[in-house]
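With the hints as extra help, turn the sequences into a complete structure.
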Amino acid sequence: MSPPFSRGFHRRHEAERADADRVPPGQYVVNDFPVLSAGPTPHTSLDQWSFTINGAVDEPRTWTWEQFQALPAEEVTRDIHCVTHWSKLGTTWRGVAVDTLLQGIETSAEYVVEFADGGYTTNVPLDDLRDGKAWVAYEFDGEPLESEHGGPARMLVPHLYFWKSAKWVRGLTLSDDDRPGFWEQNGYHNYGDPWREQRYWND
Amino acid sequence: MERLDGNAAAGLLEEVFAREMTTAMETCASCGNEAVVATTHVYMGDIGTVLRCPTCEQVLMTIVHVREELHVDLSGVRRIDLR
Amino acid sequence: MAAPRAGWQSATLRDKRTETDRAATLHLSTDEWPGHRAGQHVDVRLTAEDGYQAQRSYSIASPPEDDGDVALTVERLDDGEVSPYLVDEMAPGDMCELRGPIGGWFVWDADDGGPLLLVGGGSGVVPLMSMLRHRAALHSGVRARLLLSARSLDDALYADELHALDAGDDELDVSITLTRTAPPDWAGYARRVDRSMLEEVAWPAADRPRVYVCGPTPFVESVAAGLVDLGHDAGLVKTERFGATGS
Numbered sequence: 046m047s048p049p050f051s052r053g054f055h056r057r058h059e060a061e062r063a064d065a066d067r068v069p070p071g072q073y074v075v076n077d078f079p080v081l082s083a084g085p086t087p088h089t090s091l092d093q094w095s096f097t098i099n100g101a102v103d104e105p106r107t108w109t110w111e112q113f114q115a116l117p118a119e120e121v122t123r124d125i126h127c128v129t130h131w132s133k134l135g136t137t138w139r140g141v142a143v144d145t146l147l148q149g150i151e152t153s154a155e156y157v158v159e160f161a162d163g164g165y166t167t168n169v170p171l172d173d174l175r176d177g178k179a180w181v182a183y184e185f186d187g188e189p190l191e192s193e194h195g196g197p198a199r200m201l202v203p204h205l206y207f208w209k210s211a212k213w214v215r216g217l218t219l220s221d222d223d224r225p226g227f228w229e230q231n232g233y234h235n236y237g238d239p240w241r242e243q244r245y246w247n248d
Numbered sequence: 327m328e329r330l331d332g333n334a335a336a337g338l339l340e341e342v343f344a345r346e347m348t349t350a351m352e353t354c355a356s357c358g359n360e361a362v363v364a365t366t367h368v369y370m371g372d373i374g375t376v377l378r379c380p381t382c383e384q385v386l387m388t389i390v391h392v393r394e395e396l397h398v399d400l401s402g403v404r405r406i407d408l409r
Numbered sequence: 075m076a077a078p079r080a081g082w083q084s085a086t087l088r089d090k091r092t093e094t095d096r097a098a099t100l101h102l103s104t105d106e107w108p109g110h111r112a113g114q115h116v117d118v119r120l121t122a123e124d125g126y127q128a129q130r131s132y133s134i135a136s137p138p139e140d141d142g143d144v145a146l147t148v149e150r151l152d153d154g155e156v157s158p159y160l161v162d163e164m165a166p167g168d169m170c171e172l173r174g175p176i177g178g179w180f181v182w183d184a185d186d187g188g189p190l191l192l193v194g195g196g197s198g199v200v201p202l203m204s205m206l207r208h209r210a211a212l213h214s215g216v217r218a219r220l221l222l223s224a225r226s227l228d229d230a231l232y233a234d235e236l237h238a239l240d241a242g243d244d245e246l247d248v249s250i251t252l253t254r255t256a257p258p259d260w261a262g263y264a265r266r267v268d269r270s271m272l273e274e275v276a277w278p279a280a281d282r283p284r285v286y287v288c289g290p291t292p293f294v295e296s297v298a299a300g301l302v303d304l305g306h307d308a309g310l311v312k313t314e315r316f317g318a319t320g321s
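Protein chains in written order, with this note's numbering: chain G, 46 to 248; chain D, 327 to 409; chain W, 75 to 321.
If you are wondering where the hints come from, they were derived from the structure by calculation, not from laboratory data. It is possible that part of the hints are untrue.
Sample of chain G residues facing chain W (criterion: CB under 10 Å; computed from the structure) [what the hints assert, rightly or not]:
#, residue
1, Ser47
2, Pro48
3, Phe50
4, Arg56
5, Arg57
6, Gly135
7, Thr136
Derived list of chain G stretches under chain D, where covered just means 3 residues or more per stretch with a C-beta under 8 Å from a C-beta of chain D [claimed, not checked]:
#, segment
8, 83 to 90
9, 111 to 122
Each residue gets a CB set at the ideal place from its N, CA and C atoms; glycine is no exception.
Laid out in structure tokens, this is it:
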């Protein structure tokens with residue numbers, strides 16, 4: 046038995062698929078920037094902040110905020126896609142490419158866990174962070190990244206659903222094993238390709 | 327997105343447990359503190375609902391709608407006392 | 075009589091009354107409303123013709139004694155999806171679905187006694203109004219005080235009814251604070267709720283009042299902290315936080 050219709054009610058955003066090349070299936074385009082979180086916004090001061098690459102590496106590598114800011118950074122413009130169906134096109138960021146952070150690191154690891162203040166984790170294959178596919182971003186739209194959007198720094202991995210871009214990121218743990226992160230352990234897809242609509246674990 | 331409290335999750339919890347849960351007392355598996363479910367810290371969004379311990383902020387439970395199904399992780403709760 | 079599907083039942087809007095420029099009270103009738111307690115809420119679900127659904131929670135404004143319709147007071151959020159439909163578009167005869175009543179913590183029955191302290195910020199006053207209407211319907215002698223915080227007098231929900239209840243009941247005191255604009259002849263408070271206002275308005279902590287605080291999260295936390303600071307037992311202060319997002 047179907048539920049009663051509410052006359053005149055419609056979704057706030059009409060599902061725009063005007064540009065099917067740019068908007069993955071089941072997504073609609075927004076102009077604002079919705080905030081979704083699994084916990085409180087951390088407030089780590091810059092003098093306490095650090096970024097670490099550890100795990101299956103010879104030696105863990107850590108950068109302080111000053112050291113991080115001194116790394117070559119780039120401005121990138123990308124479309125981002127949230128599993129909750131909104132897409133935001135042409136977002137601009139400034140950050141350090143993960144390729145830069147991995148320079149000189151030798152590893153046989155195939156998987157990465159992004160870890161963040163507050164305990165959030167998400168897993169990605171290492172190859173999905175390489176070759177110009179991922180950044181640690183600290184500016185959005187020309188301004189320092191706001192804390193509610195993940196500042197001081199967050200991951201930017203735009204070819205996957207945006208839960209794979211950890212806010213408040215503090216580092217990457219490289220590993221031979223794939224270790225599902227927070228949402229992956231709670232019903233979401235292990236890989237999360239928006240173009241194959243990989244939202245949930247059984248997709 | 328601001329934090330709410332267990333009252334906001336009352337309907338969802340009733341969906342999961344088939345009874346009123348906000349008056350129940352939960353024991354946090356991380357810190358051992360007890361709290362009325364109505365006073366837990368709740369983060370609700372389209373992606374899922376997370377209840378956190380009001381003392382230590384560790385995750386108590388996570389509830390996700392996976393299409394028609396409900397995925398519930400209770401591993402952050404050691405015990406629930408129902409009134 | 076078939077059981078409601080997964081707790082949802084159809085509801086029809088019977089009447090809608092404007093409360094303020096941005097809020098209205100909807101009177102919804104259902105076939106199988108089981109009754110409710112003051113302070114509880116319902117989930118409202120709307121279904122569009124293409125099958126799209128949206129769901130939000132709203133506190134019940136009517137007292138348990140009104141056992142016909144369920145009244146919800148809804149405030150329109152400008153970039154909301156559901157509240158603009160409910161406040162501006164939905165007309166008598168239109169339908170939605172309700173689930174509830176929901177909630178067992180943030181409730182007050184007259185038998186619980188008092189004295190009663192109710193502090194509401196914006197639409198946080200809605201469940202508190204259900205409590206006061208319940209108290210009035212029973213002609214209860216429980217001593218009660220309400221502090222309502224609103225942006226302006228025009229935005230203050232139920233101002234006229236509260237004034238009338240206050241005037242007609244020696245055991246009820248209503249205080250209103252306006253946080254953005256006040257009329258030139260305003261004799262009430264005109265600032266955000268703070269510790270000194272709570273000290274003036276609240277029952278002494280030694281009276282061990284039952285306290286209910288409802289509204290946006292920052293409001294609730296500030297008020298609850300202020301009351302605990304004044305010596306109130308945290309175990310007697312019940313809070314319900316409303317979110318503004320996604321309504």
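Hint by hint, here is what the structure shows:
no.: 1; hint: Ser47; in the structure: holds, 8 Å
no.: 2; hint: Pro48; in the structure: holds, 5 Å
no.: 3; hint: Phe50; in the structure: holds, 5 Å
no.: 4; hint: Arg56; in the structure: holds, 5 Å
no.: 5; hint: Arg57; in the structure: holds, 4 Å
no.: 6; hint: Gly135; in the structure: violated, 21 Å
no.: 7; hint: Thr136; in the structure: violated, 19 Å
no.: 8; hint: 83 to 90; in the structure: holds (count 3)
no.: 9; hint: 111 to 122; in the structure: violated (count 0)
Checked against the numbered hints given earlier, the structure breaks hints 6, 7 and 9 and satisfies all the rest.
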